[in-house]
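For this one, chain A is given, so just place chain B on it according to the hints.
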Amino acid sequence: MAIDVRIPTILRQYTGGAKAVEGVGDTVAALIDDLESRHPGLRNRLVDGEGLRRFVNVYLNDEDVRFLEGLKTPVSDGDTVTVLPAVAGGGIRR
Amino acid sequence: MLSIDSDLVEAIIAHARRDHPDEACGVVAGPTGSDRPLRLVPMVNAERSPTFYRFDSIEQLAVWREMDQRDEEPIVIYHSHTATEAYPSRTDVAYAAEPAAHYLVVSTRETDTVEIRSFRIVDGEVTEEEVHVTGRE
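Listed in order, the protein sequences are those of chains A and B. The first sequence begins at 0 in numbering that gives the first Met the number 0 and counts up one residue at a time. The second sequence begins at 0 in numbering that gives the first Met the number 0 and counts up one residue at a time.
Isolated chain A (complex conformation):
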């Protein structure tokens, strides 16, 4: 068993076009490290320094990990982790 990770279109360049990949790890951070070993470049699109990038949403099953423990959120075999780019913007005056 492993953790099923759903990859959005914009990041599939790192997974050879795959919509879902598998990984292992005790936390979201460890899982991302594991994915990085097979899909180099992916981590930098998800993590910025100590935390998740602001405009990337990472979900553990049905929960946004931001409302859990962020990168320290525990994960286990059989979980599904979903990555979605946030949809954001706005007409801020220059």
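Watch out, some of these pointers could steer you wrong.
What the hints assert, rightly or not - Only pairs whose alpha carbons sit at most 16 Å apart, straight line, appear in this in silico EDC-like list of lysine to aspartate or glutamate:
#1 A:Lys71 - A:Asp25
#2 A:Lys18 - B:Asp67
#3 A:Lys71 - A:Asp47
#4 A:Lys18 - B:Glu84
#5 A:Lys18 - B:Asp70
#6 A:Lys18 - A:Asp3
#7 A:Lys18 - A:Glu49
#8 A:Lys18 - A:Asp47
#9 A:Lys71 - A:Asp33
Just so you know, these hints were derived from the structure itself, not from any lab.
Leaving out everything else, chain B in the frame of chain A:
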């Protein structure tokens, strides 16, 4: 070019007017690969702001999953500008993450007229496209 039914355009404008002066946002889903926007999904602007929008992350997950199950994709991603023109701002370009989507921007800064324009945003490059409103006699 974006082809979209007039009923959908009217519904998007109504949503933008309703949420004014905050920005409104949402998607129009359609069958994957079809380029046909058919199903309007108004979204909550989690920022509830006149200058910024962000889809509520939990709602976004539910909507994206539903699209996946129905073999749909976000054909149109729309939002409103409430004090500026209907042209992608620097923030719109910086966060645009769906290269296959039509980014529809509605300006509600005038009370009597509405400006509605569509763009492709790919790798930071903005390309305006024609909006063809269908179903109008």
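Handout entry: Indices of hints not satisfied (ascending)
Key = Those not satisfied are hints 4, 7, 8.
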